[in-house]
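*Asks:* All chains, please: the whole structure from these sequences, using the hints.
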Amino acid sequence: MRLHDDLIAEDIGAYLEAHEQKSLLRFITCGSVDDGKSTLIGRLLYDSKMIFEDQLATLEADSKKVGTQGDSIDFALLVDGLAAEREQGITIDVAYRFFATQKRKFIVADTPGHEQYTRNMATGASTADAAILMIDARKGILTQTRRHSIIATLLGIRHLVLAINKMDLVGYEQSVYDAIVADYQAFAEVLPGKLDIVPIPISALAGTNITERSPETPWYAGPSLMDYLETVEIAKEAETLPLRMPVQWVNRPNLDFRGFSGQIASGRVRPGDRIRSLPSGRETTITRIVTASGDLDEAVAGQSITLTFADEIDTSRGDVIAAATQPPEVSDQFQVKLLWMSEQPLLPGRRYFLKSGTRTVSATVNAPKHGIDVNTMADTAARTLELNQIGVTTIALEQPIPFDPYTDNRLTGSFILIDRQTNDTVALGLIDFSLRRAANIHWQALDITREALAEQKNQQATVLWFTGLSGSGKSTIANALQKRLYAMGRHTFILDGDNVRHGLNRDLGFTDADRVENIRRVSNVARLMTDAGLIVLVSFISPFRAERQMARALMAEGEFIEIHVDTPLDVAEQRDVKGLYKKARAGEIRNFTGIDSPYEPPLNPELRINTVGQSAEDAAEEILKFLAWRGVFEI
Amino acid sequence: MLYSIGKDSAVMLHLAIKAFYPSRPPFPLLHVDTGWKFREMITFRDRKVKELGLELLVHINEDGVREGVGPFSHGSAYHTDVMKTAGLKQALDKYGFDAAFGGARRDEEKSRAKERIISVRTAGHRWDPKRQRPEIWNLYNTRLQKGESLRAFPLSNWTELDIWQYIRRENIELVPLYFAAPRPVVDWNGTMIMLDDDRVPPDIAVQATTKSVRFRTLGCYPLTGAVESTATTLDDVIQEILLTTTSERQGRAIDKDQAASMEKKKQEGYF
Ligand SMILES: Nc1nc2c(ncn2[C@@H]2O[C@H](COP(=O)(O)OP(=O)(O)OP(=O)(O)O)[C@@H](O)[C@H]2O)c(=O)[nH]1
Ligand SMILES: [Mg+2]
Numbered sequence: 050m051r052l053h054d055d056l057i058a059e060d061i062g063a064y065l066e067a068h069e070q071k072s073l074l075r076f077i078t079c080g081s082v083d084d085g086k087s088t089l090i091g092r093l094l095y096d097s098k099m100i101f102e103d104q105l106a107t108l109e110a111d112s113k114k115v116g117t118q119g120d121s122i123d124f125a126l127l128v129d130g131l132a133a134e135r136e137q138g139i140t141i142d143v144a145y146r147f148f149a150t151q152k153r154k155f156i157v158a159d160t161p162g163h164e165q166y167t168r169n170m171a172t173g174a175s176t177a178d179a180a181i182l183m184i185d186a187r188k189g190i191l192t193q194t195r196r197h198s199i200i201a202t203l204l205g206i207r208h209l210v211l212a213i214n215k216m217d218l219v220g221y222e223q224s225v226y227d228a229i230v231a232d233y234q235a236f237a238e239v240l241p242g243k244l245d246i247v248p249i250p251i252s253a254l255a256g257t258n259i260t261e262r263s264p265e266t267p268w269y270a271g272p273s274l275m276d277y278l279e280t281v282e283i284a285k286e287a288e289t290l291p292l293r294m295p296v297q298w299v300n301r302p303n304l305d306f307r308g309f310s311g312q313i314a315s316g317r318v319r320p321g322d323r324i325r326s327l328p329s330g331r332e333t334t335i336t337r338i339v340t341a342s343g344d345l346d347e348a349v350a351g352q353s354i355t356l357t358f359a360d361e362i363d364t365s366r367g368d369v370i371a372a373a374t375q376p377p378e379v380s381d382q383f384q385v386k387l388l389w390m391s392e393q394p395l396l397p398g399r400r401y402f403l404k405s406g407t408r409t410v411s412a413t414v415n416a417p418k419h420g421i422d423v424n425t426m427a428d429t430a431a432r433t434l435e436l437n438q439i440g441v442t443t444i445a446l447e448q449p450i451p452f453d454p455y456t457d458n459r460l461t462g463s464f465i466l467i468d469r470q471t472n473d474t475v476a477l478g479l480i481d482f483s484l485r486r487a488a489n490i491h492w493q494a495l496d497i498t499r500e501a502l503a504e505q506k507n508q509q510a511t512v513l514w515f516t517g518l519s520g521s522g523k524s525t526i527a528n529a530l531q532k533r534l535y536a537m538g539r540h541t542f543i544l545d546g547d548n549v550r551h552g553l554n555r556d557l558g559f560t561d562a563d564r565v566e567n568i569r570r571v572s573n574v575a576r577l578m579t580d581a582g583l584i585v586l587v588s589f590i591s592p593f594r595a596e597r598q599m600a601r602a603l604m605a606e607g608e609f610i611e612i613h614v615d616t617p618l619d620v621a622e623q624r625d626v627k628g629l630y631k632k633a634r635a636g637e638i639r640n641f642t643g644i645d646s647p648y649e650p651p652l653n654p655e656l657r658i659n660t661v662g663q664s665a666e667d668a669a670e671e672i673l674k675f676l677a678w679r680g681v682f683e684i
Numbered sequence: 139m140l141y142s143i144g145k146d147s148a149v150m151l152h153l154a155i156k157a158f159y160p161s162r163p164p165f166p167l168l169h170v171d172t173g174w175k176f177r178e179m180i181t182f183r184d185r186k187v188k189e190l191g192l193e194l195l196v197h198i199n200e201d202g203v204r205e206g207v208g209p210f211s212h213g214s215a216y217h218t219d220v221m222k223t224a225g226l227k228q229a230l231d232k233y234g235f236d237a238a239f240g241g242a243r244r245d246e247e248k249s250r251a252k253e254r255i256i257s258v259r260t261a262g263h264r265w266d267p268k269r270q271r272p273e274i275w276n277l278y279n280t281r282l283q284k285g286e287s288l289r290a291f292p293l294s295n296w297t298e299l300d301i302w303q304y305i306r307r308e309n310i311e312l313v314p315l316y317f318a319a320p321r322p323v324v325d326w327n328g329t330m331i332m333l334d335d336d337r338v339p340p341d342i343a344v345q346a347t348t349k350s351v352r353f354r355t356l357g358c359y360p361l362t363g364a365v366e367s368t369a370t371t372l373d374d375v376i377q378e379i380l381l382t383t384t385s386e387r388q389g390r391a392i393d394k395d396q397a398a399s400m401e402k403k404k405q406e407g408y409f
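Chains H and D, in that order, give the protein sequences. Reading the first sequence from the start, the letters are residues 50 to 684 in this note's numbering. Reading the second sequence from the start, the letters are residues 139 to 409 in this note's numbering.
Everything labelled a hint here was simulated from the structure, so no lab data went into it. Computed from a prediction, not measured in an experiment: that's the story for all the values here. Some hints could be false.
[Said to hold, decoys possible] Once the Cα atoms are required to be at most 35 Å apart in a straight line, the calculated DSBU-like pairs of lysine-lysine come out as:
(1) 114/H - 268/D
(2) 98/H - 71/H
(3) 156/D - 227/D
(4) 268/D - 98/H
(5) 71/H - 284/D
(6) 175/D - 98/H
(7) 349/D - 98/H
(8) 386/H - 284/D
(9) 113/H - 268/D
(10) 154/H - 284/D
(11) 268/D - 418/H
(12) 188/D - 188/H
*Replies:* This is the structure we're talking about:
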């Protein structure tokens, strides 16, 4: 941390006060593989005297051992800290480094150029004010240069430095530089937002135009990279927006105090301000801004505070406290942009967790409307989204949430999607706008209720969801059970996988995405039948837990009974009533559950049926007893 | 919240107290004692916790104690493995915590610079640098599978100077070892260590001299290098640190063991 500032030695107090007042710039380096991003950061750290002697000694030794520059210093090794990175000479994950000059403090995220690690680049970009886009002067603009430009600008970065690097390898030739700048400017037309683009010819390795303008490029009249970084204006935009504070925690130390703690995402707040709590929509007045160092007269974006209200209005974690006169919208259906970050592609129709602000809700992601081409920003056809793909789609939430469009507010317009099974963060999302369909399509109020319809049949509406491998005996047991129920005068219906695929689901195949859609449609049909008061027997392989969970969530409380027909694969395969296993083994059928497509057995089914050594009639009897015990009907 | 009694812990604790005010932080502090901490650290810890009215859990690896593990007899690497890394794992398993705060900073070391603010560890407390979750905006994914736990590093983006500056601004009390005073020190394996008690082997202890020293980080006394200094006030200390030419971790024996050592240690469950 050698800042070579005489003030340190002369008057440390004055130095510290000055340092505290320095503004902070967060930026990233991005661009294609080997363009020199890590080298540049190593160089910036080195030139701003942020490298200690012991670190320099290690760097020199490492450079000789694993560096890419022969016996000279390989600055990238200052940043590429993971063993795998040093072995392969590439960056895999973001590194955050810190340095300061007399004018500013900096946090820089060095992001990987490899396409495979694009999500790590997005991680760095989401919190950056500026981006240094590296271009290898010998190679010019590459796909990855464009992809990173699009991601950075979509995420809201307005300041771009076009660092045309490795000028030493093209003889510091102005024509090379000019051609690349012209190319980029033609491409930049498609980028969203009003951008400030500053091209600089550099050599990260040799230090050209890094801290000051160098003699090698007499034709270049612009700022050195450091000059630019020290002076680029970063608007404190968040403070000028309307108040938004997602509630993190309800603060209740004792019965007399009830405060709402969180970090202000945007705007400012003062005691006496009128606020609205969302999604409830109730309004009240702020009485105090409580902090450990005393009450405040005002707090602004970025501060973590505790607010107290004049009235007892219901507010809990996940709610948003907003300016009453400029509240955010509340909706449960949106058009969004997604950047997919998982090796598992998007499964349209599947439910994911969506986290926005401090709130997590269930969300169904629909099939993409279109993808976005990372070379041209043009719309492309897309049925799903793969790793690193960007697309536009719609999502439906289980509960409405308060939000702003991302272009209005970065923190209240953004979200991540989380896989319900693996808990991986699978996508980042930007809210474009609310579809408002949620507000416009109302339920037609009906005089005869679903309860009345079930009562008339002297039964409780129920879905019996049979899941299990092909040939496990689902349909046979369902059939035997329906015969018994029919004889007892119960009103039933069977939805059978094979039968439904002849009609309603004729257009669907057996890919993972189609299987999800298959189950979505069937569970909605089953739901309508329960509304009619029926006992519905659904017999579908339904191999994925998430989809069965989705079906369960769709039904009224207590009306979903999951029955696992638990026949082991070898037994089902031996029976092979329809001859399908044989074909699957022979490779004639693809995506066959149990063979080349997974089956996820239920973890806690209401009932598990063993078919080995038990007839279908016995199984039906067992289920019947269970239903009577549950009170679905009286025997 | 992991509480190691050092300056970063002091800042993290201070932040927690401010964050939950007027409530108290709704979690206990955990100190993994190795049996070799400076005595002044333990005195300070007990007084501080009492003053603040917080719950403190102290864990020590009893297996290691029984074996008589220590840096002089077993070497720094083995001692750290058993008393610190294994001790921490034991403590986390014993109490079944699903999340623990740590005071690590990204500017301390190259593999730390790569770690997320919220870092997921497997059932065996291992870190997998290849499976880190993207951390976008301020949206942290804290969902866990059974057996997994997470580490939260709220000070990730603080630099050493930020820490000192905050201590100064908020008037945070530190263990006196951070300030220069005459102390008995001796050279052990190239590191100047302090004679904190009579467990230093006699052949080393006899060479001790008294010097005016302070410490830049605090850990097990035989593994913590002292620096010669006359800085007795906070401003003096900060001034010396800013003018120095070596890094903070240089004083730590554990980091010298091998290159990429920290990444490997974390994969094995080091905090
Ligand atoms: N001659 C020359 N070589 C350079 C320059 N900048 C970087 N290099 C070399 O280019 C190679 C790649 O540099 P890195 O800094 O690792 O590239 P990167 O962009 O960080 O690569 P990824 O992070 O893996 O995408 C290394 O061998 C560098 O030494 C430069 O200005 N001139
Ligand atoms: Mg790199």
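*Asks:* When the hints from earlier in the document are held up against this structure, which numbers fail?
*Replies:* 5, 10, 12
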